[in-house]
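Engineer: Sequence:
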Amino acid sequence: MIIAQSAAVSIGFVLDAIFGDPDFKLHPIRLIGYLILFLEKVMRRIFPKNERLGGAVMAICVLIICGGVPFAILFFAYRLNYFFGIAIESVICYFMLAAKSLKQAGMSVYKPLKNGDVDGARKSVSMIVGRDTESLDDIGITKAAVETVAENTSDGVIAPLIYMAIGGGVLGCVYKAINTMDSMVGYKNDRYINFGRFAAKIDDIANYIPSRISAYLMIFASKIMGCNSRNAYRIFKRDSRNHASPNSAQTESVVAGALEIQLAGDAYYFGKLYKKPFIGDSIKPIKYDNIADSIKLMYITSVISAVLFIGLKVAVGVVYGI
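Here my numbering is used: the first residue of the sequence shown is 6, the next is one more, and so on.
Since the hints were made in silico from the structure, they are not lab data. None of the values given here were measured: they were computed from a predicted structure. Honestly, I wouldn't trust all of these hints.
As the list claims (entries may be wrong) - Simulated pairs of lysine-lysine, DSSO-like, Cα-Cα distance not exceeding 30 Å: (1) LYS105 / LYS46; (2) LYS242 / LYS206; (3) LYS289 / LYS228; (4) LYS242 / LYS128; (5) LYS280 / LYS46; (6) LYS105 / LYS289; (7) LYS30 / LYS54; (8) LYS105 / LYS242; (9) LYS206 / LYS119; (10) LYS30 / LYS277; (11) LYS228 / LYS46; (12) LYS228 / LYS105; (13) LYS301 / LYS277; (14) LYS54 / LYS228; (15) LYS30 / LYS280; (16) LYS54 / LYS105; (17) LYS281 / LYS116; (18) LYS30 / LYS116; (19) LYS206 / LYS277; (20) LYS277 / LYS228; (21) LYS54 / LYS242; (22) LYS105 / LYS128; (23) LYS301 / LYS242; (24) LYS281 / LYS301; (25) LYS292 / LYS281.
To be verified - Pairwise CB distance ranges (calculated): (26) LYS46 / GLY276: 39 to 49 Å; (27) ALA249 / MET6: 32 to 42 Å; (28) ASP195 / LYS281: 30 to 40 Å; (29) LYS242 / ILE65: 34 to 44 Å; (30) ARG49 / ALA249: 39 to 49 Å; (31) SER140 / VAL19: 13 to 23 Å; (32) LYS228 / LEU58: 42 to 52 Å.
Note that CB positions come from ideal geometry on N, CA and C, so glycine has one too.
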């Protein structure tokens, strides 16, 4: 089974690198989103006076379903035919990864900036960040795009690879369910401060180790890429906690250090100014090429991670004959 899962994760990684994330209504991540929306409505009716309990029950139900369904599918697929099982698990793993989608998101901002189309870049960046973008200039737009690529290198690629290397497509689905719940209900606003608390906490827990592994692998990748890896490590050690989330600044700090730029700082959300610490030092001015550099860094880190985690899984399978 370990060899089969290793093959599936490898194939899924290659498929994502070639084709990117397909956009269709029955995409597993969209289905998870629909499930979360449905269960939120149900739990708010069942627990109208206890939002924390309702949110916790919703999260547990989502995890059970998102683990149980792929487990059942793969169980019968492998029972039917070993190679058919690998094929199905490969597709599941493919859906859990987002390296090329992350590249496309970054390039959708990079290209208009390169062509001097600040309004077009502002529109593109508004599709991938949660902050208000109406008043962002070219520097603010670039920072937002770089931060998105940096943070999602862990959430969208490295963390799924880690979980799939451990538990195949099933654990990959469970992780993405956690990640999706946090992105949908893990807000600290009036609607979700209580209901989304449990989902936000398990997302922090699920990403705690992967985000730090991602940071160290990205430091190594920055050396391969010819960036300032020493500064990447220095800024990582100094600024990796400069974020409300315990995990978001891990890879952001590495990218800021590697590219010798300053990220983060104050930002507007829903018309309200939020004071946030800076990440990195302004050794070099921010320019649109930083977006392309962050994408390259993401890809190099992703390849290193895939080789490392899949290689370790294969080694375990060979040693223990599983």
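Engineer: Now tell me, hint by hint, if it's right for this structure.
Structural biologist: Do the hints match the structure? See the list:
At most 30 Å may separate the alpha-carbon atoms for a hinted pair to count; LYS105 and LYS46 exceed this at roughly 33 Å. Among the hinted pairs, LYS242 with LYS206 is consistent with the structure: their alpha-carbon atoms are about 23 Å apart, no more than 30 Å. Between LYS289 and LYS228 the alpha-carbon distance is near 18 Å, which keeps this suggested pair within the 30 Å criterion. With a C-alpha separation of about 34 Å, the suggested pair LYS242 and LYS128 falls outside the 30 Å cut-off, and the hint is violated.
A C-alpha spacing of about 33 Å is found between LYS280 and LYS46, which places the hinted pair above 30 Å, so the restraint is violated. For the given pair, LYS105 sits about 28 Å from LYS289 by alpha-carbon distance, which is consistent with the 30 Å threshold. Distance hint between LYS30 and LYS54 is unfulfilled; the C-alpha atoms sit about 34 Å from each other, more than 30 Å. With a C-alpha separation of about 29 Å, the suggested pair LYS105 and LYS242 falls inside the 30 Å cut-off, and the hint holds.
Distance restraint check for LYS206 and LYS119: the Cα-Cα separation of roughly 39 Å exceeds the 30 Å cut-off, and the hinted pair is therefore not satisfied. Note on LYS30 and LYS277: the hinted pairing is violated, with a Cα-Cα distance of about 34 Å set against a maximum of 30 Å. Distance hint between LYS228 and LYS46 is unfulfilled; the C-alpha atoms sit about 48 Å from each other, more than 30 Å. Of the supplied pair hints, the one linking LYS228 and LYS105 holds, its CA atoms being roughly 22 Å apart against a limit of 30 Å.
Using a Cα cut-off of 30 Å, the hinted pair LYS301 and LYS277 is violated, with the two alpha carbons roughly 33 Å apart. Note on LYS54 and LYS228: the hinted pairing is violated, with a Cα-Cα distance of about 53 Å set against a maximum of 30 Å. Straight-line distance between C-alpha atoms of LYS30 and LYS280 comes to about 38 Å, which puts the hinted pair past the 30 Å bound. Using a Cα cut-off of 30 Å, the hinted pair LYS54 and LYS105 is violated, with the two alpha carbons roughly 43 Å apart.
With a C-alpha separation of about 28 Å, the suggested pair LYS281 and LYS116 falls inside the 30 Å cut-off, and the hint holds. Among the hinted pairs, LYS30 with LYS116 is consistent with the structure: their alpha-carbon atoms are about 28 Å apart, no more than 30 Å. The hinted pair formed by LYS206 and LYS277 meets the criterion: a straight-line CA distance of about 24 Å does not exceed 30 Å. About 39 Å separates the Cα atoms of LYS277 and LYS228, which puts this hinted pair outside 30 Å; it is violated.
Between the alpha carbons of LYS54 and LYS242 the distance comes to roughly 43 Å, so the proposed pair goes past 30 Å and is violated. With a C-alpha separation of about 20 Å, the suggested pairing of LYS105 with LYS128 holds against the 30 Å cut-off. Restraint check for LYS301 and LYS242: satisfied, since their Cα atoms lie roughly 22 Å apart, inside the 30 Å limit. Note on LYS281 and LYS301: the hinted pairing holds, with a Cα-Cα distance of about 27 Å set against a maximum of 30 Å.
Of the supplied pair hints, the one linking LYS292 and LYS281 holds, its CA atoms being roughly 21 Å apart against a limit of 30 Å. With their beta carbons about 27 Å apart, LYS46 and GLY276 fall outside the hinted range of 39 to 49 Å. For the pair ALA249 and MET6, the supplied restraint of 32 to 42 Å holds, since their beta-carbon distance comes to about 40 Å. Evaluation of the 30 to 40 Å hint for ASP195 and LYS281 yields a failure: the beta carbon distance comes to about 21 Å.
The supplied range of 34 to 44 Å is met by LYS242 and ILE65, whose beta-carbon atoms lie about 36 Å from each other. Roughly 25 Å separates the CB atoms of ARG49 and ALA249, a value that falls outside the hinted 39 to 49 Å. Here the CB-CB span from SER140 to VAL19 is close to 41 Å, at odds with the stated 13 to 23 Å. Judged by the Cβ atoms, the range 42 to 52 Å given for LYS228 and LEU58 holds: they are separated by roughly 48 Å.
Of the hints listed earlier, those the structure fails to meet are numbers 1, 4, 5, 7, 9, 10, 11, 13, 14, 15, 16, 20, 21, 26, 28, 30 and 31, in rising order.
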